[in-house]
Amino acid sequence: MGLLSILRKLKSAPDQEVRILLLGLDNGGKTTLLKQLASEDISHITPTQGFNIKSVQSQGFKLNVWDIGGQRKIRPYWRNYFENTDMLIYVIDSADRKRFEETGQELAELLDEEKLSGVPVLIFANKQDLLTAAPASEIAEGLNLHIIRDRMWQIQSCSALTGEGVQDGMSWVCKNVTAKKK
Amino acid sequence: MAALGVEMNVAQDDGETNTAVKVPESVLRRDQARLEEAERRRDVKQSQTVTEEKSDFFTSTFNAEKTQLEEMISSCNDREKAAKTLEEATVKFQQLQKFLNDSVRFLTQYEIRQAQESLQKLQSSITDKREEILPKKKFAFRSRNTSKQQQPTPIQQQTADKPAPGSVGTVVVDAADQCGFSNVDNQVLVRQAEEIQQRDVLLSHLTHCKVRLYGCPSTLHIKNIRSCEIMCGPVSSSVFVDQCTDSTLVFPCQQLRTHNTTATRVYLHVTSRAIIEDCQGVSFAPFTWTYPGILDHFKVAGLSPDRNNWTEVDDFNWLAAGTPSPNWTVIPESERICSWDFVGTAAEQS
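If you read the sequences in order, they're chains A and B. Counting from 1, position 73 in the first sequence corresponds to residue 73 in UniProt numbering; the numbering is continuous, with no gaps. Counting from 1, position 69 in the second sequence corresponds to residue 69 in UniProt numbering; the numbering is continuous, with no gaps.
In short, the hints are calculated from the structure, not lab data. Take the hints with a grain of salt, since some may be wrong.
[What the hints assert, rightly or not] Under the rule of at most 25 Å between Cα atoms (straight-line distance), these lysine to any residue pairs were calculated in the SDA-like manner:
{"id": "1", "chain 1": "B", "residue 1": "K121", "chain 2": "A", "residue 2": "I147"}
{"id": "2", "chain 1": "A", "residue 1": "K73", "chain 2": "B", "residue 2": "N317"}
{"id": "3", "chain 1": "B", "residue 1": "K299", "chain 2": "B", "residue 2": "T311"}
{"id": "4", "chain 1": "A", "residue 1": "K73", "chain 2": "B", "residue 2": "T323"}
Assemble the whole structure, with the sequences as input and the hints as a guide.
Given below as structure tokens:
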């Protein structure tokens with residue numbers, strides 16, 4: 001499902017602007033996911049230095065997806081993009097077990113942010129094409145997702161590389177995004 | 001006589017009237033004073049009664065709720081029910097806190113202080129019980145202030161897991177599907193194409209090893225490496241290097257990410273670009289290694305042999321434009337290695 005398909009589903013609410021934020025550690029696959037959604041070539045992904053943004057507009061409706069770089073040094077800048085976010089997509093490298101604790105820590109801090117209060121969060125357990133990937137259930141347990149009570153949340157297995165699981169995740173996004181009148 | 005009689009009547013009336021008016025006035029005044037005094041006393045009594053009543057009500061209610069909470073917390077032993085009970089206890093605690101806040105207006109300072117201390121104890125009890133019965137998971141949320149484990153642990157692990165001397169190509173598998181080498185010292189480690197083809201390869205906790213990967217993995221993780229020479233065929237996506245010291249790395253890949261690495265040389269073929277973060281003394285040169293079948297592996301990996309951005313290195317710790325980062329350099333041509341040791345031949349059929 002590309003951004004245009006998402007746009008069509010959301011079109012039932014005209015004159016709105018939906019802002020989706022893509023976050024996660026470096027090398028998690030955020031940019032690959034964004035390009036997969038935009039049906040773009042994914043063979044020349046470069047480590048994101050600032051941010052990538054995809055914006056789709058149709059009949060007065062606008063969908064923005066922001067992909068912010070995940071290197072440690074630029075994570076403090078994430079908060080500059082929190083304002084007016086309608087949906088948070090957090091991307092995890094399911095095969096990078098040694099950094100599960102670090103990614104859980106970053107996610108916990110995001111969920112504590114006042115500006116992201118109540119914002120639904122979709123967690124993509126990415127890189128499921130790799131044999132060493134942890135299943136989504138294990139990641140959900142490790143991150144203690146069940147204690148999230150102040151918002152809608154969902155964890156979805158996916159491979160941004162092959163596209164598998166991405167559509168299911170985005171379907172959940174369409175159902176749960178609560179766009180505000182702008 | 002009649003006239004005189006009439007006059008006398010008038011005089012008598014006046015006299016009676018005056019007397020009556022005087023006495024009631026005096027009496028009335030006294031009576032009023034008495035009533036006012038009584039009323040004042042009654043008000044004072046009522047006021048005291050109300051105050052005492054509220055104070056007593058708060059104390060008894062608060063203590064009852066507190067006792068109930070304490071019982072709830074101490075009876076939390078069954079793990080299955082514990083989560084729910086602790087949640088109920090938390091809600092009850094919050095209600096109690098609100099009750100105190102609402103009652104602050106008419107409580108004495110002493111009473112307020114006592115109640116607050118009780119609430120703090122209850123909160124500690126809830127927290128302690130939660131930690132006791134619901135221990136934190138491996139990947140639980142944690143404060144950023146937590147210091148990371150010291151290096152000695154990996155070293156100790158390394159020593160404990162040291163393989164038998166003389167063995168070549170020892171494999172320590174971390175997980176069932178994991179592919180690579182871990183916890184090896186002073187060995188030559190070789191993997192052929194069919195063993196690593198499009199798989200996620202992990203090299204971790206190696207010292208003084210020579211690694212030869214004659215194939216094209218999907219991704220390559222290189223972590224906690226010291227004094228090693230690691231050479232790999234084309235990697236389809238990214239190579240991730242972390243905690244690498246005094247080593248030489250040689251590989252083609254789509255992306256390279258390097259963290260916490262020092263005194264390391266990278267002979268690189270990268271089709272997008274490389275980044276470094278928290279690194280010092282890292283130097284780069286173009287990829288110069290080869291083995292039979294490598295061109296086929298470039299194709300399988302989806303990398304173009306003609307596109308190499310090895311000089312495009314971004315340092316996330318260096319923000320100054322126009323001034324090159326002091327954390328990485330280009331290896332001078334005269335110092336580059338072009339002929340590598342011939343270690344563990346690649347299989348002819350690759």
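Hints versus structure:
no., hint, in the structure
1, K121/B with I147/A, "24 Å, holds"
2, K73/A with N317/B, "7 Å, holds"
3, K299/B with T311/B, "23 Å, holds"
4, K73/A with T323/B, "19 Å, holds"
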